[in-house]
Amino acid sequence: MIAYALYFAFACFGLALLFNLWHLARAPGVNDRVLALDTMVINAIALLILYGVAEGTAVYFEASMLFAMVGFVSTVAYCKFMLRGDIIE
Amino acid sequence: MTLIAEIIISAMLVISGVFGLVGSFGLVKLPDPMTRLHAPTKATTLGVGGVLIASMIYFTAFGGGFSFHELMITIFLFITAPIVAHFLAKAWLHRNATPADLPPTGRPKGWAGQESVVEGDKSPQRPQA
Chain B
1 MIAYALYFAF ACFGLALLFN LWHLARAPGV NDRVLALDTM VINAIALLIL YGVAEGTAVY
61 FEASMLFAMV GFVSTVAYCK FMLRGDIIE
Chain X
1 MTLIAEIIIS AMLVISGVFG LVGSFGLVKL PDPMTRLHAP TKATTLGVGG VLIASMIYFT
61 AFGGGFSFHE LMITIFLFIT APIVAHFLAK AWLHRNATPA DLPPTGRPKG WAGQESVVEG
121 DKSPQRPQA
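The listed protein sequences derive, respectively, from chains B and X. Final position of the first sequence in the working numbering is 89; the numbers increase by one with none missing. Final position of the second sequence in the working numbering is 129; the numbers increase by one with none missing.
It should be emphasised that the hints constitute simulated quantities derived from the structure, not laboratory data. You may find that some hints are simply not true.
[Stated by the list, open to error] Selected chain X positions facing chain B (Cβ under 10 Å, derived; list incomplete): (1) Ile9; (2) Gly20; (3) Leu27; (4) Val28; (5) Leu37; (6) Thr44; (7) Ser55; (8) Glu70; (9) Val84; (10) Phe87; (11) Trp92; (12) Asp101.
Positions of the beta carbon are idealized from the N, C-alpha and C atoms, including for glycine.
With these hints in hand, go ahead and build the complete structure from the sequences.
Here it is in structure tokens:
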């Protein structure tokens with residue numbers, strides 16, 4: 001039962017990642033591109049966790065933790081750049 | 001006991017998959033930038049939270065021993081998602097809105113990132129690079 005639910009979740013998050021990529025390619029503004037990138041990071045975290053469950057190991061936890069932190073910092077840096085034209089003043 | 005855990009994990013995975021898909025579909029589908037901000041920052045964050053809780057229950061039930069380190073990522077994402085949404089909204093306002101579009105703040109200072117330079121204002125300004 002878990003295997004089928006995992007397939008379903010893999011399909012959902014994979015499709016979601018494709019939607020994000022599509023939006024990243026043809027978004028109307030910089031703001032939307034940053035938002036699409038942030039959503040891509042979140043979906044990638046979900047896929048990593050799902051892969052960890054499918055394999056039955058906790059090895060991918062560290063990778064997803066790193067993704068979460070780096071994704072947050074990069075989004076904030078992009079927003080800071082959009083706001084001020086500079087990241088560290 | 002094992003069957004109950006399997007049912008809970010499967011339900012969590014399916015629900016969170018639907019949430020993640022709805023969030024990303026909303027990012028593509030919704031009409032203007034400020035409504036598009038809603039879908040990923042709320043629905044997708046909830047979807048990932050569900051996946052992480054499902055993983056937590058899985059490793060607690062089948063992995064051996066209580067596993068709560070996934071909760072760390074869940075809490076981290078739930079704390080950072082509003083911050084990201086706020087930053088993106090602020091950047092959009094800074095780039096696309098003029099002070100005339102915004103409601104008054106009711107304070108001496110205007111909107112952050114939007115305040116115009118008042119004549120004789122002694123507050124520190126950004127140094128010219």
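message: Checking each numbered hint in turn, tell me which of them this model violates, lowest number first.
response: 12
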